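With the sequences and hints as input, model every part of the structure.
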Amino acid sequence: AQRVTQPEKLLSVFKGAPVELKCNYSYSGSPELFWYVQYSRQRLQLLLRHISRESIKGFTADLNKGETSFHLKKPFAQEEDSAMYYCALSSTGANNLFFGTGTRLTVIP
Amino acid sequence: DAGITQSPRHKVTETGTPVTLRCHQTENHRYMYWYRQDPGHGLRLIHYSYGVKDTDKGEVSDGYSVSRSKTEDFLLTLESATSSQTSVYFCAISGGTGGYNEQFFGPGTRLTVL
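Here the protein sequences line up with chains A and B, keeping their order. Using our numbering, the letters of the first sequence correspond one by one to residues 214 to 322. Using our numbering, the letters of the second sequence correspond one by one to residues 223 to 336.
To be clear, the hints were calculated from the coordinates, so they are not data collected in a lab. Bear in mind that the values here come from a model prediction, so they are computed numbers and not experimental data. A portion of the hints provided could be inaccurate.
[Unchecked claim] If you want a taste of the chain B side facing chain A, the calculated C-beta under 8 Å gives, among others:
1. Leu267
2. Gln325
3. Phe327
Beta carbons: idealized from backbone N, C-alpha and C, even for Gly.
As structure tokens, this is what we get:
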């Protein structure tokens with residue numbers, strides 16, 4: 214069975230500091246991993262997906278199959294990064310996502 | 223925002239009453255989903271649809287039913303609402319150029335069951 218774990222419910226960092234939101238998963242096959250973000254009063258939206266290997270809004274995430282992790286990182290946090298972040302997994306051949314419980318990031322000015 | 227609307231946006235109802243939430247899309251995406259969002263649980267899939275009249279259960283389907291009679295509409299029904307169904311409900315769609323796993327979400331419906 215698939216499982217996505219985000220160990221931190223809340224994370225606070227100062228503006229300009231590095232930030233890392235942790236995501237671990239369990240799945241026996243080859244998963245597709247995503248990070249979704251929900252800013253205040255906005256819809257949940259896709260931030261990035263591991264297969265595209267791109268940086269969005271300064272965020273990157275690398276899939277580490279050995280550690281079964283997909284941590285989200287940004288070298289210098291900005292106040293506008295304050296939001297709820299969800300890690301999600303899609304299993305092989307499936308068309309639905311399993312979400313973690315989310316991490317609320319607060320960037321302190 | 224992708225063309226996804228949900229109605230109503232807010233609803234307060236009493237235990238035991240039936241409730242129907244509507245998701246409407248203008249993107250002609252094949253897949254549609256209903257999730258509930260609860261503190262400490264994140265988003266959990268209730269039901270999803272992979273075409274007109276084709277639906278399947280998700281992780282937390284008990285107490286919910288769905289229908290999809292046309293591509294653009296996906297209805298979620300609580301036959302007899304309970305207080306445990308107080309939640310924020312999100313509709314999502316996928317099947318566009320980003321592939322089936324890139325989901326686009328609606329604005330959400332906040333449901334309170336008294």
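A quick look at each hint next to the structure:
A least Cβ separation of about 6 Å between leucine 267 of chain B and chain A falls short of the 8 Å threshold, and the interface hint therefore holds. Proximity of glutamine 325 of chain B to chain A holds as hinted, the smallest CB-CB distance being about 6 Å (cut-off 8 Å). Contact between phenylalanine 327 of chain B and chain A, as hinted, is supported at the beta carbon level, the nearest pair being about 4 Å apart and thus within 8 Å.
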